[in-house]
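Chains B and C, in that order, give the protein sequences. All letters in the first sequence, in the order written, are residues 1 to 108 by this note's numbering. All letters in the second sequence, in the order written, are residues 1 to 134 by this note's numbering.
Check the hints yourself; a few may be wrong.
Derived SDA-like pairs: lysine to any residue, alpha-carbon spacing no greater than 20 angstroms straight-line [as the list claims (entries may be wrong)]: (1) B:40 - B:6; (2) C:17 - B:23; (3) B:95 - C:108; (4) C:101 - B:73.
Rather than coming from a laboratory, the hints here were simulated on the basis of the structure.
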Amino acid sequence: MQIKRRQLNGFEVLDITGEINFDTSPALRNTFIKLIEEKKNKVIINFNGVSYIDSSGLATLVELLQKIKSHSGVLKLCNISPKVKSVFEVTKLDKIFNILSCEEDALK
Amino acid sequence: MSKVNLALESRISAIKKAVNLLLEGLKKYKVSDDIIFDIRIAFEEALINAIKHGNKLNKKLKVFVSWEISSRQVAITVSDEGKGFNHRRLPDPLAKENVGKPGGRGVFIMRQFMDKVSFLDCGRTVKMIKLIRK
Numbered sequence: 001m002q003i004k005r006r007q008l009n010g011f012e013v014l015d016i017t018g019e020i021n022f023d024t025s026p027a028l029r030n031t032f033i034k035l036i037e038e039k040k041n042k043v044i045i046n047f048n049g050v051s052y053i054d055s056s057g058l059a060t061l062v063e064l065l066q067k068i069k070s071h072s073g074v075l076k077l078c079n080i081s082p083k084v085k086s087v088f089e090v091t092k093l094d095k096i097f098n099i100l101s102c103e104e105d106a107l108k
Numbered sequence: 001m002s003k004v005n006l007a008l009e010s011r012i013s014a015i016k017k018a019v020n021l022l023l024e025g026l027k028k029y030k031v032s033d034d035i036i037f038d039i040r041i042a043f044e045e046a047l048i049n050a051i052k053h054g055n056k057l058n059k060k061l062k063v064f065v066s067w068e069i070s071s072r073q074v075a076i077t078v079s080d081e082g083k084g085f086n087h088r089r090l091p092d093p094l095a096k097e098n099v100g101k102p103g104g105r106g107v108f109i110m111r112q113f114m115d116k117v118s119f120l121d122c123g124r125t126v127k128m129i130k131l132i133r134k
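Given these sequences and hints, build the entire structure.
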């Protein structure tokens with residue numbers, strides 16, 4: 001998994017490529033913790049390059065959502081492929097996360 | 001039909017090799033990407049559960065994996081050597097008080113993405129079936 005950071009309209013955007021799973025989710029967690037330490041509390045995770053997520057990946061995202069909320073921050077997810085989104089939907093996490101279809105909508 | 005039997009060490013790094021072997025087998029049967037995704041996520045959840053929760057990452061204990069792939073279905077069995085658990089007593093991850101919690105979705109995901117999931121031997125063994133052609 002690769003994570004690239006960029007800034008846009010006051011948001012930190014994390015462009016993720018690859019899989020968010022038991023093996024790679026610690027790296028996502030570490031990147032996110034750094035953002036919080038840098039007091040960046042408006043974050044968009046761009047799932048455009050994400051091909052797979054498992055329950056470990058979901059657990060990490062939930063943890064990160066809780067962390068950013070505890071810092072009065074905002075986390076949005078965008079560009080999730082139908083199959084990856086199905087994992088959010090069956091677990092009802094699509095109701096917990098703010099999921100937008102594209103980055104433009106996430107930046108609003 | 002192709003049949004495989006494996007004995008894995010109880011370490012997380014053993015998962016990737018087993019998953020890749022299964023995926024290679026599925027590709028030979030020209031299984032669709034969507035169905036491969038479903039099988040993979042359920043299989044990985046079963047392995048993580050067996051290694052982490054069943055065998056508690058104890059390297060002295062093994063996880064036994066087998067699968068049969070036919071033109072019609074994939075049947076996967078994962079067994080650990082742990083103390084077992086009551087699969088009927090798992091918290092409901094969709095319950096209001098649980099949906100915002102980080103963990104507790106592995107078995108639920110297995111049930112959602114496979115066509116049949118059954119637990120045997122006090123929860124030490126899980127058998128899963130996915131139809132690959134209707």
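Evaluation of the provided hints:
In summary, the hint linking residue 40 of chain B to residue 6 of chain B is supported, as the alpha carbons are separated by about 12 angstroms, within the 20 angstroms threshold. As the CA atoms of residue 17 of chain C and residue 23 of chain B are separated by approximately 13 angstroms, the hinted pair is consistent with the 20 angstroms bound. A distance of roughly 17 angstroms separates the Cα atoms of residue 95 of chain B and residue 108 of chain C; the hinted pair therefore holds under the 20 angstroms criterion. Straight-line distance between C-alpha atoms of residue 101 of chain C and residue 73 of chain B comes to about 18 angstroms, which keeps the hinted pair within the 20 angstroms bound.
Checked against the numbered hints above, the structure breaks none of them.
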